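Colleague: One-letter residues, chain by chain:
There are 2 protein chains.
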Amino acid sequence: MDIYKNFKFKEDETPKYVQVANYIKNLIDKRKIKEGDKLPTIRDLSKKLGVNNVTIVSAYNKLKLEGYAYQKVGSGSYAKRKEVASSLRKEYSNALKKISTEDLEKVIDFTGETTGEILFPIDDLKTIINEVLERDGAKALFSDNRNGYERLIATINKVFWNDKLKNEDVIIVSGAQQGIDIASKGILNINDNIIVEKPTYVGALSVFKWRKVNLFEVPIEEDGVNLDKFEKILQKNEIKCFYTMSYFQNPTGISYSLEKKKRILELAEIYDFYIIEDDYLSELIYESSLEYIPFKWLDKKDRVIYIKSFSKIFLPGIRLGYLIAPTIFRETLQNSKHNTDITTSSLMQRALESYISGEKWKNNIKNLNDEYIKRYNCMKDLLNKDFKDILVYKEPKGGLNFYITLRENFKINTTELFTRLKKRKVYITPGAMFFTVQDQGQDSFRISFYQTNEAKIKKGLTILKEELLLLKEPHK
Amino acid sequence: MDIYKNFKFKEDETPKYVQVANYIKNLIDKRKIKEGDKLPTIRDLSKKLGVNNVTIVSAYNKLKLEGYAYQKVGSGSYAKRKEVASSLRKEYSNALKKISTEDLEKVIDFTGETTGEILFPIDDLKTIINEVLERDGAKALFSDNRNGYERLIATINKVFWNDKLKNEDVIIVSGAQQGIDIASKGILNINDNIIVEKPTYVGALSVFKWRKVNLFEVPIEEDGVNLDKFEKILQKNEIKCFYTMSYFQNPTGISYSLEKKKRILELAEIYDFYIIEDDYLSELIYESSLEYIPFKWLDKKDRVIYIKSFSKIFLPGIRLGYLIAPTIFRETLQNSKHNTDITTSSLMQRALESYISGEKWKNNIKNLNDEYIKRYNCMKDLLNKDFKDILVYKEPKGGLNFYITLRENFKINTTELFTRLKKRKVYITPGAMFFTVQDQGQDSFRISFYQTNEAKIKKGLTILKEELLLLKEPHK
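From first to last, the protein sequence lines are chains A and B.
Quick note, the first sequence lines up with residues 395 to 870 if you use our numbering.
Quick note, the second sequence lines up with residues 395 to 870 if you use our numbering.
Since the hints were derived computationally from the structure, they do not count as laboratory data.
In this text the structure is predicted, and so the values were computed from the model without any measurement.
One or more hints might be untrue.
Each pair may be met inside one copy or between any two copies, as identical chains are not told apart.
In silico BS3-like links for lysine-lysine, alpha-carbon gap of 27 Å or less [to be verified]:
#  : residue 1 : residue 2
1  : Lys410    : Lys626
2  : Lys805    : Lys424
3  : Lys402    : Lys626
4  : Lys606    : Lys866
5  : Lys630    : Lys816
6  : Lys484    : Lys779
7  : Lys630    : Lys603
8  : Lys404    : Lys695
9  : Lys774    : Lys520
10 : Lys656    : Lys695
11 : Lys484    : Lys520
12 : Lys458    : Lys492
13 : Lys626    : Lys458
14 : Lys500    : Lys402
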């Protein structure tokens, strides 16, 4: 409790409880109190500082409201900071960094989060950029519309939306992550309630946690979130928004059924919340039984903030995407983008426009599909053949990932599996990465074929099986 | 008061005051209650909702803590929203948009905020990009270090900092605006206190307001902020950071004296706050009496978050800059960047690296200096010759702007001046744009020569003088 010794009340008009709260905030921000540390009891601290209990209670309430503390029933108050990377997250992030330094040939990267292999023809990029510079000269560097290059917006509207959007509702963003950040800054405030899928994309979770909102998680089923649980949360809480990946949900690979999408849109109207739809891979559908109908197409009441990334299907390093704003949030989201980085690089927007408006785009998507279908089938076949007693998964029918759950009778810890595979230069994403609560997802992992050709898939899955069996029965 | 009629308490564990507060938050977010609207009195609302006063007092306190309301002493509570563009801001932003659509030749743009004229040789850009694509192939698109392209960071350290930085403290950002946003997200929380210069850069103000911090403004003098006022604020308030532009402060053009910088760094240590130094134009120093010594050079105690933009001196549309993090905030700021947009476009980072590490960079800066010195002297001479009875200004000795204050006996409203000049296709930035409080800065304006050659300066200042005189004595 030494850290509280230095505290002295100032002789000014600031209420005492505010002074106490600010002092503790400061200690938390400077890591003198760490995430999860227990704060002193009301009685102890009031005695120590020579004030009455109410002052400390008020101070702690202020800390809670501002997202600096949380209460465990019957056990007191604990410090909370903006997300601190857990040891697993650090280990995982270091692993990703390591992959990029390794010889590409020797690594089997099932994480899907690196960009070592780029199927995009680099010469096309050269040609496009030179054409743009030739055509537009210095103008190629202008950002004359802060929401994005107008021709790009018009082309997106035409090519992807049959001109059904209002151009002024579209904002060009520097990748989907920025889209989520901008949406979050624009419509969410501290202590707002939002619903996320469980499990879900870590990058989105991280943005929401930084925004200090309250997260409600709803389990994902075969055709989307569990609607009973979803609606129970809506009945009890004022929900501001629902973050969803409607196709090839990350990590589970699930796509929503049409019925669920329609019902969620109805609920959005009834309970007055908005839907952030993160559409990151929908160009990669391998089975015709899966039809592409995003929430945004069904959105008659302007309830959907649609975010589209081009990173996986255009150029990973290029950081481009777009956001469609409901009219009510149009100005807010435009301002949010402007505050974030003024505007996205003009030259790259022009290059993307030139690319999408031409024929090369369609060829390239076709080539990507051809290659990824091969990998998809290869991985699926091997999983069915060699792993059927070990694991289960739901066929995603598209996308770039399989989400694996170990069978009941095959319980090993997938975080340990990750650590062991790493030593053999095979990288997976352990399930725990996708959950907010510790010790969840330990029986699952994600494997992606984004960075692995068929030969690597075969080799990688052989090693995966060896390690699975070794972990299960180490003495065999 | 009809909007409160629909409110009903839910039968669940949520405290009543929280329910009331959330209901009002919702009304504010959906613009049913507008910025500045008076909220009902405690007594009225408690009667209306059938609860006791304490519930409403607690609800209003919650709203205040969460940045949704503020109190005017003796007059009740008022709604506060994330910054809503005032009519002037909208008018100004529309004007900027208009400039970009006009024939460049016919416009005289003293705002300095557009990029119609680019002095950077576009052929150099073509060459650089092609060289990078040739050299790195598909790798040009990789982002193997999420803090930025490692060679760019090393080159920045070498070229600008004599290798005195730790590379791991540097984060590449997509322009200075993103640097401010990332710093703000990383170290500031709702209701934190921060000090800004008065007047200051609108884009920074906007970020801070969105973060819902409390702004304390300290007037700028000839050599930096007024230190007496600065320290008084420090004595009375727990200050988290001070946002400053140490050279050619925007809009005033002031640069800090060495003494003030040293003293502010001492104060930062005594009062435990951090300095966000926004260094946006320091390459453009025209008079040798002005020496370049940023806060960061003097920063022995790791108190400075340094943000550097390349927009004005490299390529406006390219959105690149860097941030130097104090070690204590390194991880937080890295995470903040990652949450914001994962990483900045790799190709452009490589292009910048190639450019800075070569000789062309120095030549280009020299050319820019040669051109801007001419414009600077031209503008200065005309101001001295033709405007000496009308206005005063402090010589900036560098940068791209003059900040003009009208003489006591020449009081006209510069917002009106802006509106009138606009009709004649001459664009200035009215002083009111740089203040947080309405009706301030009405006797000042900013003129920039970033987008105006000597001929335009002469023509523009002639029109400016005509309109000034007409406004002063309309019937003459």
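Colleague: Which hints from the list above does the structure break, by number from lowest to highest?
Modeller: 2, 4, 5, 6, 9, 11, 12 and 14
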